[in-house]
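Engineer: Chain by chain, the residues:
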Amino acid sequence: MTSYSEYDPDHRAPDPDADDNRNAIIAGVITALVSLAVLGFFILRNQPDPVAAPTTTQRTSVTTQAPDTTGGTDIAAGYTPLFTSARCEFDLITDAEHECGWLTVPEDRQDPGNGREVQLHVVRFASTAADAPADPIIYLDGGPGGSTLDPLQFSFGQLWEPLLDDRDLIMFDQRGVGLSLPSLDCPEERKYSLSVLDQDLDSERAQAAELAVISQCHDRLVAEGIDLAQYNSQENAADVADLRVALGIDEWNLLGISYGTRLAETIMRDHPEGVRSVILDSTYTPDVDLFAEGPANFSRALAKLWEGCRLDSDCAIRYSNLEDRFFALVDRYEATPTRVPVRDFLNGGSRDVLIDGEWILGTVFQGLYSEQVIPLLPQMIEELENNETSTISLLTSNVLANVEFISVGMNLSVQCNEELPFTTQDDIDEGLTGLERLMDPFEGEFTLETCAAWKSGMAAPLENEPVSSDIPTLVMAGEYDPITPPSWGANAATFLTNSTFVEFTGLGHGTSIAGDCPLSIVFEFLADPTAVPDLDCTVTMAPVDFAIPGEPPPPIQLVSFTEDFVGTEISGVVPAGWEPVGGTAFARGDSAIDQTAIIFQVVPLISPESVVSFFATQFEMDAEPERTSTQESPLGVWQVFRGDADEFSIDIAAIDLGGSTAVIVLISNPGEREQLLGDLLLPAIQAFRTS
Amino acid sequence: MGLFLKMIRWAGTKQWFGALGRRILTPLDKVLGRRGHTVTSWTTGLPVGHLTTTGRVSGNPRTAPLLFVEREDTSVAIVGTNFGGADHPNWASNLLANPHARWKVHEEIDVSARQATDDEYATLWPRFVSMWPGYEGYVSRSQRIPLMFVLEIT
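Protein chains in written order, with my numbering: chain C, 7 to 697; chain S, 5 to 158.
Excised from the complex, chain S in its bound form (with noise of 0.2 Å):
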């Protein structure tokens, strides 16, 4: 009765590995975020936080690996650019939804997010940018702004 037998009846008649691809998924694909294809592996080396957020569609908790800046206080914030999607994130989306979450970047800690105000905004953007040119591209390429978030503990 183990899981892997049940997965055999439940997912029997599905392309097994296919989920996540033909190849086998491997501790180098997390560290460079490939996933199919999809380069993401400019995060690595940067501050990158994992938040886990409620999906607000499914109620299923959602992950997603993000560039993160440090605040004076106990806080992160947290920027949604979507790497210049048309669409904000969904967790970002989710976010909005439900401000529970978890964040981890070492140990995992409940959070509660709120967006940025106008002044936080004003002073953070300035630091994503520096951290990471590209988010200006990301912006004139979506053109939106993009959501701003500040992590506080719960």
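The shape of chain C in the complex, shown without the other chains (with noise of 0.2 Å):
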């Protein structure tokens, strides 16, 4: 039996500065432990503060090894799976209590002895339900390659803390994913894909140049002496059966979406112990063929949208014949494309991106993956007639801000081990026939050839075939979603005796943390999986309500609010109906892209001047704003400045109120400012108060 050091995933460096208050540390860490034992909690916060831990004295980090067999064969294969608690790799400002470590596993267990180890960065969120299952949920993330922990400062809040509602969750980062290690990353494709964003490439050219660096990413990870053929969903698999002993946890839920479906469905295939319940959400099954079928899938969610927008009367009239008007932009946009400044949100600044009609038909194919996006879609097409491009911009930075967290080798580790080797040129071929307008988005051919050069050997054909199993498992499917079909979903469901199949209107990929119906049947379902839950909210899911714009904003009816704004109350009115956005700041939120908001602040020792100077820089406004009134208020005498960052207005009022500046911030579009001025911006100056 191998056995594994303990490792230090940091590799820290010493400090020798910080360790004067460790006997605090220490009293933090005693009430940590009584609070972790009286939530079960698996991980144990017993390690003093890891940047200041010296590496020359020991760890007291615990790690627990596996306390049965009753998970697999990993003993009898030689190894035991090993847990270390550590602190957490990845920014997150949360009052959900949670826990990190790794679980450590050999890179091929078919000979774990070989030195090679692979390293799983792991975190539990805590169950705010005073009465919690023992049983929790372990998120399976899609990609395959997709990163699931750095991007949670994003996407915890809105997609993630819902579920603490029912009981604990534990989510990971996949093998050569995000912070796991090795990562098998592929930064050389991504610095040469963003900086050919604005050119116009030659097709064979662009292709040559893709597989260039492509080929150098592998041949740097082989080199670094990583066997890309132990990184595919059946390793996956393991690993997650692994991470169940090793936490000794008796049993616990499977929740996948799109490619975490076929990772569950291989885990119920190859480790069904312990596997209480599995829900699947837009279900990528082994046996079907993404890139033969993926051209039809796509056509079949373009049907749903024109039919969408047919079945809408406010939307059949504005947008009549979209059909036809959408294919003839794509035409349009190829012969004469056009470079449109898209910001990049994570690192700031802008760049230009060559928008042709290939990159329509992205945007549409991304678009119709979530139900916020999919309303815009008509628009965005209408705009892009009129060479109006702030729709399709801002969709293009959104998948700027996400191509930071997409492992490129370890997609096509998977991808060239077990889709793609059941998938031959003539089926692509076939796929696309009668859809060439489509063009391919999922370039099958240059796919084949990237395979060539990808070498990370060839599945067995069980992994193309359907999985059966008797573990209760409740299907969710997107009415939209693009690539995986609700066919599939309702097609894996045939071989799953203990199956409940749901479809739901208007949503697209992702549909089981989609709003309030959906939770609602996942949280039935988890009470008990062996029922099947009450499906009566999918029948009254509203359809799509696709925006219109230029309809004139309903009159703006006041309302009263009182709020801390860390350590300070604010009270002072805002329009019905606006929702708060973080603290003291209230937006519109008409559709997913309405900008429309008001900010209301007390800063301390700044003066207004400063304040808008800082206003000025984090808006990125184009020029310093002017001031251009002076209001009178019960408070004294306000300063409204004015100015404009991008499409947007935005109004500034400040006041000193001796020693800290009260600010309210107005962001407007251009149409709608003089309006909101008036209506809003004058009324809530008057109205302001803080203690």
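Hints listed in this document are in silico derivations from the structure and should not be mistaken for laboratory results.
Nothing here was measured: the structure is a model prediction, and the numbers come from that model.
Glycine included, every Cβ here is placed at the ideal spot set by N, Cα and C.
Do not rely on the hints blindly, as some may be mistaken.
Said to hold, decoys possible - Here are the in silico distance ranges between beta carbons for each label pair:
| hint | chain 1 | residue 1 | chain 2 | residue 2 | range |
| --- | --- | --- | --- | --- | --- |
| 1 | S | 158 | C | 222 | 27 to 37 Å |
| 2 | C | 616 | S | 64 | 26 to 36 Å |
| 3 | S | 126 | C | 664 | 39 to 49 Å |
| 4 | S | 140 | C | 323 | 57 to 67 Å |
Unchecked claim - Derived, one-sided and incomplete: chain C residues facing chain S with beta-carbon distance under 7 Å:
| hint | residue |
| --- | --- |
| 5 | 97 |
| 6 | 101 |
| 7 | 414 |
| 8 | 489 |
| 9 | 515 |
| 10 | 516 |
Using the hints, build the complex out of the two chains.
Structural biologist: Written out as structure tokens, the structure reads:
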């Protein structure tokens, strides 16, 4: 049996300066231990601050080894999966209690003694329920190759925190992905892709350049000693099974979305022990053919879009004949591309992107994933007809923000091992027949070529077969899903003897956490997976409410509010129906891209002029705001400034309160600015009070 | 062969926009720091710079928005309160492992980070607290002394 030495994941440097509050830390640790014991955590926070922990002293982290062998064949296979608690290596600010650690397993389970290991970064969030069941949820992410942990800072509150109402949630980065080690990320490819965003490249040359950077990544990973044939669903599934055993969890529930459903089915097939129930959301089973069936799936979702608009009277009138207009638009931009500035949300600044017909097709494809974006697609098409690019620019900036969260090397290792070996050029050609105008968004031919260069082994025929199981399973699908159609889920359910299939109106790819109805079904299923959950709420789910720009906004009715702003109480008025979006900021939220909002703050020890200047920097305003007026209120005289940032008007009212500055910021569309100044900003100035 | 098609190929069977939450990230979110219901909007209107460190695990660039104090020379000071969290923020750990970073307020510049000396700490900490009184609360909540760094242009 191979034993694993403790792994120090961050290779941290000793820090001789940070030891002076050790007693306070120890006191905190004792408190933490008590509370963790109550919560039944698997990770014990017994480690001094890792930044401050000298590497020369004995580490105090607790390792958890497999307490039994009920989880599988690990010990028989000659290794013991090891779990080590450690600090979280991702950024997340949340009140939700969570603990992190690392699972260490062999890279090659057939040869565990070869010295190569993989370490998966893992987090467990504690349920907020007083009587949370012992069986947690483990989330299986998509991609393949999609990072789970690094993007949590963006997604946790909206997507995952609601699950904590029910039970604990375990999340991790799959092998080769995100923070897990070794990483199969290909930064060379990302760098290249971003460098040519504004270029109109000849297709053949672009493919040759692409293949060159991918080969470079492949060769680098191989030179590092990585065995790419060990990075696939089978090994992923064994990792998950080992994790359960290493954590000492008797039973848990799998939640797989997208590729995560293929991983879930692999676990159901190869490691069913300890799996209490399974949720397959947007199902991608081993037997389907992603690349050959892709054009037909996209075509189906597009047909849904045209039909959805036709059945919505406002959409049908505003955007008549949408299908023909869309393909005419694609042809037009393909012949005459245009460069559009796109913001880089993660790193600041902006970059030019060449928008051509292919890019528009890709944007609509991706847009169909999200019920937030689907309502905007007819509007985006009409905008592009009029050479307006604000919506496609915003959607593109979201794509750029996602680029960092995919491990290309892991994606290729999985797909070249278990998907493409079962797809031929003939399959791809046949799949595209009659659908050539979709330009093959999957680039099947090029992917086959890529896989010829990306050597990650070839899966057994079993990896192309449907999975049969009697584990209780909930299969969820979205009406507009352009990549894993509801029929894939329905077909998977026929092989799962204890399964319930449900399709959601108006949703896209990823339904389980897309609102109250799906979430209520998830909770009811988890409460008793052997019973069929009540699906009544699906019947009354509304169809897509397509955005119609230029409709006059409803008249504003002001209501008073009182909010705590980091220790200072602020009261004032806001329009009824505007939602708080963080502290004392309120947004109208007419559509997913409506920016109209008002922000109230009190900033200590900084002058009104400085506050306005800082706002100008943070909004990346086009010029320093200019003072337009003064307004008297019971608090004194406010100065009002006006500026612009991109397509938004920004009005800032500030007043010196003697040692601090009160500030109100109104963000609006230029067309609505004057109305909102009179109906909102001026009354807000009059009503503003602070403790 | 655009990036969009690559993303379809590589992240196709991932919940799209899922990485960034269900909703679309917008310019307003950037200002509010709205990240999954996390409230960091208190930074609005205060001097915020963006520090890009090298992730000590991943090796990838990591950017964090931070309040800062300008010093009399060209350097600035930053402090790792992590909102009163139990651990030092990851950017601080990254700087300990690799002091070379990039710092952006208006223009992005290369900087080298070092920990503040005791004298500097004593001088600078009151300036942080005067800029944002919440800092004192973070220290009592986290029961640790925040790491303070001085960033110098390289």
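Engineer: Check each numbered hint against the structure and report the violated ones by number, ascending.
Structural biologist: 3 and 6
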